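Construct the complete structure from the given sequences, taking the supplied hints into account.
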Amino acid sequence: MASSSLAFSSSQLQFSLQRSQKLPASKQLKPAPLFRPITASVSKKPSFSTPSPPQPASTVVTAKPNKLPIRKIPGDYGLPLIGPWKDRQDYFYNQGRDEYFKSRIQKYQSTVFKTNMPPGPLVSFNSKVTVLLDGKSFPVLFDTDKVEKKDVFTGTYMPSTELTGGYRILSYLDPSEPNHAKLKKIMFFLLSLRRDQVIPEFHSSYTELFDDLERELATKGKASFGEANDQAAFKFLARSLYGANPVDTKLGSDGPKIVSKWVLFQLHPILILGLPRLLEDGIFHSVSLPPFLIKKDYKRLYDFFYQNSTPVLDEAEKLGLSREEACHNLIFATCFNSFGGMKIFFPNMLKWVGRAGAKLHSELAQEIRSAIQSTGGKVTMAAMERMPLMKSVVYESLRIEPPVPLQFARAKRDFVIESHDAAFQIKEGEMLFGFQPFATKDPKIFDRADEFVPERFIDDEGEKLLKHVLWSNGPETESPTVNNKQCAGKDFVVLISRLMLVELFLRYDSIDIEVGASPLGAKVTVTSLKKASF
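Take the sequence shown: its position 454, counted from the start at 1, is 454 in my numbering, and no numbers get skipped.
To be clear, the hints were calculated from the coordinates, so they are not data collected in a lab. None of the values given here were measured: they were computed from a predicted structure. It is possible that some hints are incorrect.
SDA-like, lysine to any residue: derived pairs with alpha carbons at most 25 angstroms apart [to be verified]:
#	residue 1	residue 2
1	K441	Y93
2	K72	K444
3	K182	T161
4	K128	Q231
5	K467	F433
6	K464	S533
7	K464	F452
8	K114	F125
9	K107	E148
10	K359	P405
11	K464	P443
12	K185	E148
13	K114	P405
14	K222	A358
15	K523	S224
16	K427	I70
So this is what it looks like as structure tokens:
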């Protein structure tokens, strides 16, 4: 998924609603509640900043002495080969991911401990990690003064670069590497270049999605959100960021299937695919699928992006990058990060909103329609800033089920980390791992941490909690720059997530769903859509 470099203003990102979307003049809505605005929102200015110069020594504030007891990190890795294999069985099958971590917290009476992380042999031969499972220790994974992010994007293994044209992609680069800043600038440039197209193209693509869902509901009585969302997301990204409709090119409507297959080749060692255990664990978790099997399909993606990225590739050359390296990075950012994020997060958000029931749906519909009416019947950035409940729902969805739950980093030097209860000595070279849902559902930080609380981030106290929303590889209150690893498209993701709710509740009073499991995110089936009645 996957920019705070964007200067999204209401004059830049707005479009007139279709006549059918305009609110009836005869039905005046009550003004949206005047909650205090959530200020950690889509950025107001670009974030191409370089680090601030060091402060004079006389102004540096000395850290308070550590008062927590230093504790030896509990846990063990077991015997070579056998320990990682056994832990993999527990992680995927015997216990499942959440219970794997919960049981070890109970066993060691600590949210920091040592264990192995899949895939293990034969994909990875060093599975050893120190696990961070609370909201206090977890943020060290973002501190690039203490940790290195080189080649740890997928954890204890790295997919073959043959899957990305022979290049190490931006997600695998540490900020200290020369190409990191250049490639991140390219992502900022792309988002800034195409910012005017985001709102209108989202409206167009997701109007098509809802039309398709209604037709399927009428004929079958239920409709798969996932399949329709895949097509809508890919069309939206292609149209808004590249000005091209894929169905009018040689790629046709095959984009989502090709991307899903390509992502599978990279992530299969750490996914539950629903196959028989012997087949799944014996092959997909034990060996890497050969990249040549996806080469022809990937070339179709490459051709599409290369042909429709001329201004961005020109900019890349000015920065000293080859057009080929830039194009492979655009594919990864658009297909793996952005499309992958929409594929996972939109169904997850819809799951939580759908389960919350009619009361929340009614409140969202009232707030969204009232705010848009107050700004002349247009969906704009200014209108969305008048929707505190909608904004809070997006943040709560990102908190309770972040789309990228696993984060890794390697210690650059010796240092001490703290949980709520103890301090631990980290050694240079140690691999650190955090399972984000445990950090963002830390009961010592969040009340009712395991519950979906739609209004959690509305008031003053809720706004203070935004620093603990970490889905973007950094706190929600901070912004991505060329010097950190925070998601380049952080604000883009927040914006389109808000647009998803706005489009949904402009069109419908309520939605009913059924939820199942899938390898990536929730499997959502829509069973009812009640059209807008006011």
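Status of the hints after comparison with the structure:
1. For the proposed pair K441 and Y93, the alpha carbon gap of about 24 angstroms is at most 25 angstroms, so the pair holds.
2. Straight-line distance between C-alpha atoms of K72 and K444 comes to about 22 angstroms, which keeps the hinted pair within the 25 angstroms bound.
3. Among the hinted pairs, K182 with T161 is consistent with the structure: their alpha-carbon atoms are about 19 angstroms apart, no more than 25 angstroms.
4. Annotation: proposed proximity of K128 to Q231 is violated, straight-line Cα distance about 39 angstroms (limit 25 angstroms).
5. For the suggested pair K467 and F433, the alpha carbons sit about 20 angstroms apart, so the restraint of at most 25 angstroms is met.
6. For the hint linking K464 to S533, the alpha-carbon distance of about 36 angstroms lies beyond 25 angstroms, and the restraint is violated.
7. Between K464 and F452 the alpha-carbon distance is near 18 angstroms, which keeps this suggested pair within the 25 angstroms criterion.
8. For the hint linking K114 to F125, the alpha-carbon distance of about 16 angstroms falls within 25 angstroms, and the restraint holds.
9. For the suggested pair K107 and E148, the alpha carbons sit about 30 angstroms apart, so the restraint of at most 25 angstroms is broken.
10. Taking the CA atoms of K359 and P405, the gap is near 29 angstroms; set against the 25 angstroms cutoff, the hint is violated.
11. Taken as a hint, the K464 and P443 pair is honoured in the structure, with Cα atoms around 16 angstroms apart against an allowance of 25 angstroms.
12. Under the criterion of a C-alpha separation no larger than 25 angstroms, the hint pairing K185 with E148 is consistent with the structure, at around 20 angstroms.
13. For the suggested pair K114 and P405, the alpha carbons sit about 18 angstroms apart, so the restraint of at most 25 angstroms is met.
14. At most 25 angstroms may separate the alpha-carbon atoms for a hinted pair to count; K222 and A358 meet this at roughly 19 angstroms.
15. This hinted pair checks out: K523 and S224 have alpha carbons roughly 8 angstroms apart, not beyond 25 angstroms.
16. The hinted pair formed by K427 and I70 meets the criterion: a straight-line CA distance of about 14 angstroms does not exceed 25 angstroms.
Violated hints for the displayed structure, listed by number in ascending order: 4, 6, 9 and 10.
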